[in-house]
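*Asks:* Just need the whole structure built from these sequences, with the hints factored in.
Protein chains: 2
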Amino acid sequence: MDNRKHQKTESRERIFQAAITLFARHGFAETGMRELVAEAGVNLSMVNYFFGSKKGLLKEILDSFFSGYLVIARQNLVGDDDLHAKLERFIRSAVGYFDAEKKSLIIVISELPHDDPEIVEYKAGWARQMVEIINQEICVPLAVETGQHIPSTCFTPMLTSLMASRFLFTPVMEKVSESGLKSVTVEVYAKMIVRILLQGIAGSDDEVTADL
Amino acid sequence: MDNRKHQKTESRERIFQAAITLFARHGFAETGMRELVAEAGVNLSMVNYFFGSKKGLLKEILDSFFSGYLVIARQNLVGDDDLHAKLERFIRSAVGYFDAEKKSLIIVISELPHDDPEIVEYKAGWARQMVEIINQEICVPLAVETGQHIPSTCFTPMLTSLMASRFLFTPVMEKVSESGLKSVTVEVYAKMIVRILLQGIAGSDDEVTADL
DNA sequence: AAATTAATCAAACGTTCGTTTGGCCTGAGA
DNA sequence: TCTCAGGCCAAACGAACGTTTGATTAATTT
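Residue numbers (our numbering), protein chains in the order written: chain E, -17 to 194; chain L, -17 to 194.
Identical chains blur together in the list; that is why a pair holds if it fits in one copy or across any two.
Here are the simulated lysine-lysine pairs, DSSO-like style, with alpha carbons at most 30 Å apart: (1) 85 - 173; (2) 85 - 37; (3) 68 - 84; (4) 85 - 68; (5) 41 - 164; (6) 157 - 68; (7) 41 - 85; (8) 84 - 36; (9) 84 - 41; (10) 85 - 36; (11) 173 - 157.
Note that these hints are calculated values from the structure, not bench results.
None of the values given here were measured: they were computed from a predicted structure.
*Replies:* Here's what the structure looks like:
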């Protein structure tokens, strides 16, 4: 029995997953179509058939990652809760998401600064929504409560970069010290970021869970 | 009068600068040799003549950036000063360096997670030295003084990513809000990082300059 | 049963890639 | 003055690039 109709989604998904793996490992431009379809186990022409072009494949990876990131931001930040509780919730969820989607994260960050006109609008559209949320749910409340003014266009990159640092540097840090990285689990890593953000590097763990 | 002998350094430098500009703008793999030599105003074969290969050019950019970063780390971190003072000094200098070399920074970060075997050893070699310094001058003293244990293989990426965030996200954030980014000067940006790292996002500026 | 649709394939498209070659020109040293 | 080395150049190299084409297959629809 031939499951061709069912295989539509299957082949498409195999290409998608192979692209995430290879784009993260070698970079988008360094990954050739032939290497990609070999990894996915499909014919060369299937990429253009399902995604229109190689760039269309990249766009879909970007969209997939950003939309998930945005959902997490909305779920954990929007509301009238305590600012610290919201921030802690968000960071734990976001770091978990980055860990689960670390390959997509690497692709997104690596392509971030490049100015391909076809891609940059995609990124800006997603970033605009993210900055909006961070502004309303973190920066504005922070200014009201403590008088500290941190523009959201400045804080959003800082927060995202901070949470992403572990996954970006992993390939290099593994060569520096194998044991060093693995001694910090993802949960501990998220906790560390929360503590630093709320109290600085010298802050005690106890004060984090307590409200301000 | 023909200054051919003097132009050796000149042509080499023009290629080097053009590469930094274009690799940062389009990415390493997306930048073609012909586009590169057009920007530099030299002949196509000059890149291989001076740098051996396109990758040799990338290696030199990496080396140039990392060596400068390492010098700043040694100058500002090594010594028996107060931990907070050292950290503040380092962050101000490093952010200034990132700003001056923002194009190289973008190249370094973008190429960081990719596993080209010819390049990854270069990065690991530099990173090893950086992690060593951060460990001895920040992580160990911090653990002694406050009992907070942050592995240097975890803190070095965090600190570097945090300081780099502004320059990585600039192309996207400019599209999000032109005014938002420029309202924060590089000096203010460095100050913000220092405050957050020492006291968290709610900390007051006054306490930063005061010793702990 | 015939027509239609969607997935798949091998093969080739024209282009661009990084690199190499071999010769030319000029200033410096013998 | 002759030699020589180094900066420079136009031209071409084979390989790899992303994409397109046209045919084939099998499941679905009419």
